[in-house]
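Residue numbers (our numbering), protein chains in the order written: chain A, 396 to 925; chain B, 211 to 536; chain C, 5 to 301; chain D, 5 to 346; chain E, 28 to 375.
Hints are computed from structural coordinates only; laboratory data are not their basis.
Where hints are given, some of them may not hold.
As the list claims (entries may be wrong) - Mimicking BS3-like on lysine-lysine, the simulated pairs with C-alpha atoms at most 27 angstroms apart in a straight line are:
id: 1; chain 1: B; residue 1: 338; chain 2: D; residue 2: 92
id: 2; chain 1: B; residue 1: 338; chain 2: C; residue 2: 12
id: 3; chain 1: A; residue 1: 482; chain 2: A; residue 2: 531
id: 4; chain 1: A; residue 1: 482; chain 2: A; residue 2: 670
id: 5; chain 1: B; residue 1: 445; chain 2: D; residue 2: 261
id: 6; chain 1: B; residue 1: 445; chain 2: D; residue 2: 92
id: 7; chain 1: A; residue 1: 670; chain 2: A; residue 2: 642
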Amino acid sequence: SSGGATKSAASGVLTVGMPNGPQTNNSNPFLATSAGASLGYRFMIYEPLVQTNPIAPSEKGTPWLADKWEWADNYQKLTVTTRSDVKWNDDKPFTAGDVAYTFNLLKDKSALNTNGLPIAGASKVSDTSAEITFSKPQFVNENKILNSFIVPEHIWKDVPDPTTFTNEKPVGTGPYTLKTFTPQTVTLSVRTSYWQDLPKVPEIQYTSYNDNSAQTTALASGAAQWSYVFMPNFETLYVNKDPKNHKIWMPAGLGIHALWLNTAKAPFNNVALRKALNMVIDREVIFQQGHSKLFPKVDNVTGIPSPAGDPFIAAEYKGKTAKVDVEGAKKVLTEAGYKLEGDALKDPSGAPVTFALTDPAGWSDYLTDLDIIKNAVKALGITAEVKTQTVDQWTTDFNSGAFDATMHWTNSGATPFEGYQNIMDAAASKPIGEPAANAQGRFNDPAATAALAAYAAAPDDAARKTNLDLLQKIFVEQVPAIPLVSSPVGAEYSTKSWIGWPTAEDPYAPPQPTQTNALQVVLRLKPATA
Amino acid sequence: MRFLLRRALFYLVTAWAAITINFMLPRMLPGDPVQAMIARFQGRLSTDAIASLYVLFGLDTESSMLSQYLTYWGNLFKGDLGLSFTYFPTPVSEVIAQSIPWTLALMGVTTVISFVLGTMIGVYAGWKRGSWIDALLPITTFFSAIPYFWLGLIAISVFAVSWGAFPAAGGYEPGLIPGFDWEFISSALYYSVLPALTVLISSIAGWILGMRNMMVTVSSEDYVTVAHAKGLPEKRVMLGYAARNAVLPSISGFALSLGFIVGGTLLVEMVFSYPGIGYVLFTGVNAKDYPLMQGIFLIITMAVLVANLLADVVYLMLDPRTRKAA
Amino acid sequence: MKSALNGKTIAGLSIMGFFVLIAIIGSWIAPYDPSAMSSDIMTPPSGAHWFGTTQTGQDIFSQVLVGARGVLVVGLVAGAIATVLSVLIGVTAGFLGGVADEFLSALSNIFLVVPALPLIIIVTSFLPDAGDFLIAFVISATGWAWGARILRAQTLSLRQRDYVEAARATGERTWRLIVFEVLPNLTAIIASSFVGTVIFAVLSVITLSFIGVASVSNWNWGTILFWAQNAQALAQGAWWWFIPAGLCIALLGTALALINFGIDEYVNPRLRTSAGGSKVKMRVGFTPVLRQEGGRS
Amino acid sequence: MTPVLEIRDLSVDYGQGEGAVHAVSSVNLVLNRGEVLGLAGESGSGKSTLAYAMTRLLPPPGIITGGEVLHHGRDKPAPVDVLGLSPKQLRSFRWNDIAIVFQGAMNSLNPVSTVASQLEDIYRAHRPEMSRAQRTKRSAELLRLVGISADRLGSYPHQLSGGMRQRVMIAMALALDPEIIIMDEPTTALDVVMQRQILEQMMRLREELGFSVLFITHDISLLVEFSDRIAIMYAGRIVEQAASEDMYRASSHPYSKGLLGSFPALHGPRRPLTGIPGSPPDMRSVPSGCPFHPRCPSAFDVCEREIPVLEKLSGTNGDSSRSVACWLNTPSLSGHPGVGAT
Amino acid sequence: MTGEVVLAARGVTKHFPVARKGRQVLTRQPRAVHAVDDVSFDLRRGHVTALVGESGSGKSTVARLLAQLYPLTSGDIVLNDVPTKVKRGKSFRAYCKQVQMIFQDPFASLNPVHTIRYHLTRALRVHHGRVKGEELEKGLASLLERVNLTPPERFLDKYPHELSGGQRQRVAIARALGADPTVLLADEPVSMLDVSIRLGVLNLLRDLKERLHLAILYITHDIASARYFADTTMVMYAGQVIEGGDSETVTQEPAHPYTQLLIRSAPDPERAHNGVPTVTTAPGEPPSLISPPPGCRFAPRCPYAAEKCRTATPPRFDLGESHYAACWLYDSKTTDEHPRRDTVEVGA
Ligand SMILES: Nc1ncnc2c1ncn2[C@@H]1O[C@H](COP(=O)(O)OP(=O)(O)OP(=O)(O)O)[C@@H](O)[C@H]1O
Ligand SMILES: Nc1ncnc2c1ncn2[C@@H]1O[C@H](COP(=O)(O)OP(=O)(O)OP(=O)(O)O)[C@@H](O)[C@H]1O
Ligand SMILES: [Mg+2]
Ligand SMILES: [Mg+2]
């Protein structure tokens, strides 16, 4: 209720909401299933070595628990120098030993190693220095490694099984401690001392709502001040409820949502059709109707989102955006031997071109996208059909290549590499019928596979750039997938009680409350009245 | 006695069947909690996590169906329902223990109120058959035909969003710690008004109708006429003779519905973001969380069985005819 | 035969008939393709769009018209399957008695105890490509037990009736006794349990669609509500997206309930409300005295 | 012979308007103090309807459409019309003055409460001044009166045999020492041994307590044995009324004759049974004129056209209580000008 | 042919098992309702045998046993001198072609959803194959004519509820006649009918007996109608036949104390007006059939009960031409003096 909102503002509480349903008392930071991860408060308690910015991944990170970090052996060995003035919230000092312990923990418990880091070993060099070695060059994983949060050795070493540890009294280096836990609301309160300036927010209240609609209602009424939730028509539902204070900012990360095409079978085994399809999809409509303007559109032809990915875009594609060009598409098709007979497009062999667009039932944004695409290809004389599946079936079909075209996301990382790898890495692909880990569209261009391998192992930036440029060229020319929107690292927030939020003008961090960077945001917040 | 023995056998067989169904169902159906989890995170959980999750959930080892079944029973007898995947590594029993009181309180109280109120109106409607009160029936029927999620959403939009008189979501004021203090209880009550009303409105018609029809039927029984002939006050005839007999069939229905409150609240809880077990079950279904599904299903089934047992006992108490002659 | 048709039943049958008509011709008379998007985004009801449009400019009136079929097909198919099941199991159990009865009763009791909606959700959410018929089948699989129980009880009492016994004494075979002597007398109860299952199935399929478990690309009223809820139509003030489908469901449910009233009153004539136009208030236990001038002779 | 209950021109319909069933039409009947008046007739002739109408207990859609039911109270100066009583007066009139033993005694007891509570209910409603102990004591006495031991007070109806239930009903009827007891086929469900036990007990109690009985049954030989006077109903009308001996020896109405000729006698010579041809009329479409004429062996033209009125008949032994509604007994029939507006 | 025995009961016994309760489950002592115990009699062609007794004495059970609707516990049913036991199927149909039953309640024994035509057609088809068309119509008409429902067209297409009780019972009889049976078991065929109609149905049955030489078992609780209608009368008490013989003899000179009680209790218009004193009837109720008293089952209520009556079951004692009674009073060995029947009077 609005009553709740005024009360929390007055008492200096920051109210965060997430639409994730009731939680259980679980603050194990490693588990995505924990309340800490689901609501995001783990980042107020556990801190990373370095804060990297996913919306500006090419920037160097902000030193956090680590003062300095150095790579050696072509990104196979990392030496970290830790701060010496940091204390755990049980007043024990933080040392490099904790860093070594944490990485060894990840190495030993593969269940906790959600990033799949190939850790070879970690050791404490001194109280302020630790050394971590990897079995492969880790350039592409750099941010994931630096972003890893550190847990206290003195607590965790006595935990019998860290994978089933619910960590109800989390001990971290962050500025907040867990005050109370209820399945609906988790309250954090600020510590008395912290290695930086103490944040101005004395208490943070994380409330879990059961669904997007409840979360939206809470945001609109002011009961929740900060959240990341998908809402259709955010102007009406949120911003217009208090235009002065209700803000929404959805900066793009490097992860994208694309229409994956099955390039190993008809009709999309013909590159001309893939190109033509790419030319008739109106990304503006997808952005506005499919994703309600919340997911930033990806219109650079390379599929690299702006502005996060701008530094990576090859010179020849800078500023080249995908545009709707139905005539152009028809030309491409005609040149490739396609014919329009009556209303129906026939492929060079004379068979009508049809395909199914599949996605899970209930995934409304994807399904809307597919509908838009279905309507768009009518202009080419193609009859497409939107089919829904259960999530399981869809996942299975996606991995085994049993689809024509489907909306799906890509992996993301600190560079566009992960995205390209996800779409084009034939090395991790399998024939149709067997589950593939990458290139589920069965795209198989040896040049692309080689470039991906070379990029990951490249010794220097020049080599990386060469390979990335090549990947972009292949992507643009072969159209293995059609990028449409990016995954935002955004949030809705209210400036009514708290100011200092990141904005497009001051993009010091992504605003999402469940990201590592949320701590950076909270540290900058100030009461609006002060 | 024989009646009770038969019932006991029925309960045992049903419980066994239900537990076995619980065990078989998730295993017969396709699906994978890890994939479900990846899908739920839509790109925020990278594909690298897959391997780690299989290890985490212990799905990387295989054992025969029979040995799983036996282990399942063994664990059941120890009261161990396993660990939930969705809320890993929280034990299923804990997840259930945390959510079930909400459902029980909200739905239990609402069901009781609905039954009592509906039955009372039904008694009156049946007694005053042919009067204006008959016009009430189509109206209540209409309300009961509305799916209650729809009614709930409208209620939220009208009473919570537009008017702001009631909270739109949750079980209590965020920040309060559940406990037996007035602040919490009053808040919980306040938060339960809208969901309770919705359930009440859509469920009361059934009771009214059932009771009315029974009243009408019973009203023409000879013993009611005799009661009139005896010159008893009308209230006494209505309650002591007609209603007392007419209510018997409703009792078992009531007990059954008490059992089903655990299972039938999913939509109320979804719509009102209520922290009850229905929503948790739904989450579990979406997440392919077998242990959680099994656990909740088991609880629901047991609740229904217990309610049935209760119905039998109450019936035995209320209807002397089922009691054995002295 | 006594006419079971009273005002309520007629109203129920008319509404039902109307919806059945819509279900049959809905997709032909729909002014637009229900999935087709247009540039009229979120417009309130107007001459062009009687029930307004959705977020993506789809015509809600067309969706409601087309969506009737899904609801009715699932409702009627599920009702039919469940009724057949309940007749087969209930009547057989009641008539044969003995071990067969014990077994079949236990079976229906188990199905009664297993909570239906969660089970349906679980099963449908796992089924690949859950089409209307599959959903109808799942619903009927959980919905037959109640009818079977009632039918069994009724058969048990019918089996004792003299006319069954008399037919047996005439030399009729067992199957003839069941089919020609017992079944015809169960018609009202079968009809009532059919209507009851249809109500249950309609609400179930709508619920399934609403929570996105069933396929949302086949239009039905639940699907409309699913999309409306997804777009938070009410919060956006787009009541027109929400109201028509909900009202249709409620109307259909009411119609079915009214038909059931009629059946109830047919089975139990005491339930009949006195025919309209009566000026005298009937009161149980106090017979009205209405002295007519002159009286009759 | 003072009347205790006088029924004048009582008419009862089930339903209204076109489809109404005229179950009782212009019945006149007098019940005298202390007598047993038998009411006989075929099933559907309106016996129960008449009984219920006297106390206004007809089930819907029964409506009393005319007439009066005058009750001459023991210590009331003027007769009161039962049909004019307010609900409150009616409630106090019931059971205090008229008690009923119903046709289906098996179903007349509330299955879910004990005999005691159903007995005591009466006192609680009519004698609020009685203490709990008094009520219990009185209930026990009543049971003893009908030959049931008092420890049956705590029993539920289903724990009693049919005969016992019927006796409980009789005990209940006696609870307030009423002036009139209506017994509507009180023994049809019982076998003859039990029937006799109960009826004889009833007659003994009547001797002791002096109430009047309206005894309804279709078993005319039972009536002849137990009642003082007999009225015979056919199609909602009284067709004959006479002292029971007269009725037995020399009934005048062809229907009464037929009825009496339908019972085989157990003793004496095997007299031939005549029976009555045809079947009882459908009350929805009662034949015009005398309703019995289609079955009457001696019907003639007037019978088809005009309804005979119940007329006093100078009895064989000068008994004036005898009357019959049959054109055969109207000597002035030839003088009748045919149809008259009635 | 008149007088030959068609169907005979030989020591027919029926015990209905009773659900065991509570502790009895452990003791495993089987319990049963001794509904019919050791009943023997003959049904002869062209002869009406009445079976009289109060409610619950086992009359209907005897009828159903004879109709082979229940399996026997022990004893034999002898059809045309052949002991017959049939359960279902062909042999059952062959049996019921000979032996047909009429039920007590004509309102309940006709299926309300079927027309008269259906009922009768089935009766014809079951026993005479697939009769069709003309032949069927003729068969139906003759059936209805035999029970005096004329003209047949008026009744054929009616539903049971459109007929009066007497007409319905006639249809039920017509249905039984459809099989061309030799034996009719009429279980209280008129007790649910109006007094004035009863006679018609009884006269019809008598007429059938005379014309078709049927053997009729007439079950009733009204002993007066047995006198009127039946040639021989048997009296049942608590599952046993306690007296039997020529109807006139049984009703006019009852031998068994129970029969005497029954006859005294029957309403008698003469009694009131001839100054016959009202009778005090025997107290008590019929015994429990689950654990019937040892010896004579009437002993607990019998004013003459001697020690022997309470211990030994009395056999039948012949009292004259076809008249017998199962009562120790008539055992010439125990009593020298044959008690005069008319002296055996209760109360006094
Ligand atoms: N509720 C009713 N609605 C319509 N008609 C009724 C109703 N109750 C009785 N009747 C009709 O009224 C007539 C008289 O019925 P009533 O019960 O008084 O007869 P009765 O003489 O008591 O018969 P019985 O000997 O069977 O008890 C019958 O024709 C019956 O059909
Ligand atoms: N199917 C049965 N199962 C158990 N007991 C039965 C069954 N049928 C009859 N009985 C019992 O057998 C006894 C005799 O019953 P039966 O119906 O033969 O009596 P009846 O003389 O025909 O009585 P009525 O005059 O009431 O028809 C009764 O005590 C009855 O309860
Ligand atoms: Mg009556
Ligand atoms: Mg019987």
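How the hints compare with the structure:
Between residue 338/B and residue 92/D the alpha-carbon distance is near 18 angstroms, which keeps this suggested pair within the 27 angstroms criterion. Straight-line distance between C-alpha atoms of residue 338/B and residue 12/C comes to about 19 angstroms, which keeps the hinted pair within the 27 angstroms bound. Between residue 482/A and residue 531/A the CA atoms are separated by roughly 33 angstroms; this puts the pair beyond 27 angstroms, and the hint is violated. About 57 angstroms separates the Cα atoms of residue 482/A and residue 670/A, which puts this hinted pair outside 27 angstroms; it is violated.
A hinted pair counts as satisfied when its Cα atoms are at most 27 angstroms apart, and residue 445/B with residue 261/D does not qualify at roughly 48 angstroms. The suggested pairing of residue 445/B with residue 92/D holds, with an alpha-carbon distance near 13 angstroms, which does not exceed 27 angstroms. Only pairs whose Cα atoms come within 27 angstroms are accepted, and residue 670/A paired with residue 642/A is rejected, the gap being roughly 38 angstroms.
Violated hints for the displayed structure, listed by number in ascending order: 3, 4, 5 and 7.
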